[in-house]
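The residues making up each chain are set out below.
Protein chains: 2
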Amino acid sequence: PGLLDEGFALYLADPFDRERNPEGVLNLGTSENTLCFDLIEERLTRPDMNYLQPDLFQYSDAQGIRSFREEIAKFLTDYARAAKELNPENITVMNGCCAVFATLSTVLCDPGDGYLIPAPYYGGINSKMWLYGELQPVHVPLFSEVTDEESHPFQLTVEKLEAALQRAKKQGIRVRALILINPHNPLGDIYPAQLLKECLDFAHRYELHVIMDEIYMLSVYDDITFTSVLSLESLPDPERTHFMWGFSKDFGMCGIRVGVLHTTNHEIQKAVNQLAVFHSCPGPVQHVLSQFLKDRDWMDNVFFPTNKKRLKEAQKLLVDGLADIGVPVLKSSGGLYVWADFRKFLKSQTFEAELELWQKLLDKKLLISPGKAFCCYEPGWFRLVFSNSVDKIYLCIKRLEEMLHTNDAEPVPNNASS
Amino acid sequence: PGLLDEGFALYLADPFDRERNPEGVLNLGTSENTLCFDLIEERLTRPDMNYLQPDLFQYSDAQGIRSFREEIAKFLTDYARAAKELNPENITVMNGCCAVFATLSTVLCDPGDGYLIPAPYYGGINSKMWLYGELQPVHVPLFSEVTDEESHPFQLTVEKLEAALQRAKKQGIRVRALILINPHNPLGDIYPAQLLKECLDFAHRYELHVIMDEIYMLSVYDDITFTSVLSLESLPDPERTHFMWGFSKDFGMCGIRVGVLHTTNHEIQKAVNQLAVFHSCPGPVQHVLSQFLKDRDWMDNVFFPTNKKRLKEAQKLLVDGLADIGVPVLKSSGGLYVWADFRKFLKSQTFEAELELWQKLLDKKLLISPGKAFCCYEPGWFRLVFSNSVDKIYLCIKRLEEMLHTNDAEPVPNNASS
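Line order of the protein sequences matches chains A and B.
Taking the UniProt record's numbering, the leading residue of the first sequence gets 1, the next gets one more, and so forth.
Taking the UniProt record's numbering, the leading residue of the second sequence gets 1, the next gets one more, and so forth.
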């Protein structure tokens, strides 16, 4: 298991609670959004949620209940500003995006094949693509230093994709897919439409499947325009372009376990649907989520505006708090986290020193996620999740400050920019 | 996809409904229990079900929420009459027994390995063990004719297991596991304790893992004693004995997607738990099912006694109805179905004729399951599910009668016993 799982297990064993366990582990490591649970809870108590017809408790279509897929298709058509109306037949419902990765990795490629992925990236993808599919990541390393060709840190370019692909070929790895996370995890930035198109063209040139992970699609809190792959007028290779989204992040319900695959490739979908029986969602859950999606008034005027406002506020709170204690962050527009630069607090610019810092923070009962967990190529970066209550953010800053500014963690001068 | 899936898809496309679609497909093919949904529904409306703490909507232990596993451990300890109290640490919760098969097949063996399984058996196991695990079934063929060594039709003996194992070895198949379904699907009978022990001893001799599928454990409607593998005082090979159960059948909630693995093998469980993230259950569902399991009074005095009574009545209704139209069934004690002998209605004693009969019944909008779907070695047997409302059972008999006693399906004399 990776560092993210390891950290989460430590948290589960001793979770912070204001009243019951104030000295417990404070979790800003796991990407969850609890900011709008009050709205979710209120909506769940309305009568439409309670009508549970007997059918929901019996076997149903393993691809997902038809009426639920219809609601998802309408929802994504509008909220992803789809170029054309989505067809419910192209949608498969599974118990989380983990399952979407598991089925795609099994179906798209053969064991041992590789997939290109810009690093840093959500490290859970490694095990999700490996455990059933036995696929290996081919990293496209990104760095914080800005060169002439780039406009910002950790910028992806097609040249970097190309270089990574050629390196993999030389190593004898057959690369079959490209995974892009947009909004990005952990960077929190968004692919400009132009770069997205260039990446799709690149994938098309090499006949790579593209897996677009847009699980943070509606967790954009800046006034920036987000371009979903579904919104592009013409895809270079629609048969090899697969989209995933879920309720975990944008609805703040990681525990409800519902992810969605959209693909127009019938062969791929047929194969995925065969596996979907292993990843199916309870009927009552499909019913309840349908009710959310049907309620446009609530989503348009209550939930999403409030969520965006609260994300923005929480992000600012954390970023300001970090600035106060001398920790800069990368500018971000989407996702539930910031990518923070702790390099000047490392004893040396190594991953050993990064892990040491992580461990010290854990000793102080603060869980954040080290760059290593995201296969970052540059030590000293950490992901901090801000979609938490105000008091937890303050407490995080407090614990950080105590740790970073005690003697043994005295900043060591180094040449890295910050 | 197999015949069971094919039949179910036909049903889903045109489901019978008393008022809205009285000419639709009547489904006595899918093993579901709708007899006690009134009780489930009533129980679901009590206030303890509604208390949904925020944690349930966030990430939790992929092995299953600890408090839910504790309830399952207590429940199985009592209801399976376990030899010793079960440890919640030995339990993994997944989204259905499909997922238990998928993870075990991936973890226990290598692709291409075989598992012994007495045939007929629930045919869905083929794809569940194949799609991720790539394991192949090694059939132990059973027949209806009773010989000197046997006391009843389709009887399993250790000699038959032994013979199948040796045949597989000669074919170069490495057999690594034995799957036993108890109560049996589709036969509806129960393994006597003595035979169960002999099978476990056999497996131990050959170092085979034993997967005990006891998903119908509490759907025993006869006054026969059911022996769960959990109840045995000493297992020949506890490290290779794995137990599965779920809420689908015994609680009549196939659509809730919750299955349970119990194993005392830590290595196996660790590996399964890594995969469990792909098969996790929603937190709110784990909460709701915990409430069921906590309510001993309701289970002991309301649900299970009523369920047993209704199963018994429904079984008798179907068996009597079948007898009236000349269709004998195998004596059964558990499960939701009977194994019915349609051999005298086949044009020839072949699987082609069996499929032809199946198709004709489907043309009459009656879905039952042909023996071929259970890898039966003898054509002419069908599984009929009786855990249905009275009017559906009557209608099934009516449609059967119309079909079987029209001219072109005139009984053809044959020598097979019936």
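Please note that the accuracy of each hint is not assured.
Straight-line Cα separation of at most 20 Å, DMTMM-like style, residue types lysine to aspartate or glutamate; simulated pairs [what the hints assert, rightly or not]:
1. Lys270(A) x Glu6(B)
2. Lys270(A) x Asp5(B)
3. Lys270(B) x Glu6(A)
4. Lys392(B) x Glu352(A)
5. Lys270(B) x Glu352(A)
6. Lys270(B) x Asp55(A)
7. Lys270(A) x Glu134(B)
8. Lys392(A) x Glu23(B)
9. Lys331(B) x Glu159(B)
10. Lys364(A) x Glu352(A)
11. Lys364(B) x Glu23(B)
12. Lys309(B) x Asp201(B)
Simulated from the structure, these hints should not be mistaken for lab results.
These are the hints, each one checked on the structure:
1. Lys270(A) x Glu6(B): holds (14 Å)
2. Lys270(A) x Asp5(B): holds (14 Å)
3. Lys270(B) x Glu6(A): holds (14 Å)
4. Lys392(B) x Glu352(A): The hint is violated at about 68 Å.
5. Lys270(B) x Glu352(A): violated (27 Å)
6. Lys270(B) x Asp55(A): violated (35 Å)
7. Lys270(A) x Glu134(B): Distance ~18 Å between lysine 270(A) and glutamate 134(B) Cα, so the pair holds.
8. Lys392(A) x Glu23(B): Answer violated: lysine 392(A) to glutamate 23(B) is near 60 Å, above 20 Å.
9. Lys331(B) x Glu159(B): With Cα atoms ~23 Å apart, lysine 331(B) and glutamate 159(B) exceed 20 Å; violated.
10. Lys364(A) x Glu352(A): holds (19 Å)
11. Lys364(B) x Glu23(B): holds (9 Å)
12. Lys309(B) x Asp201(B): violated (35 Å)
When each numbered hint is compared with the structure, violations occur for hints 4, 5, 6, 8, 9 and 12.
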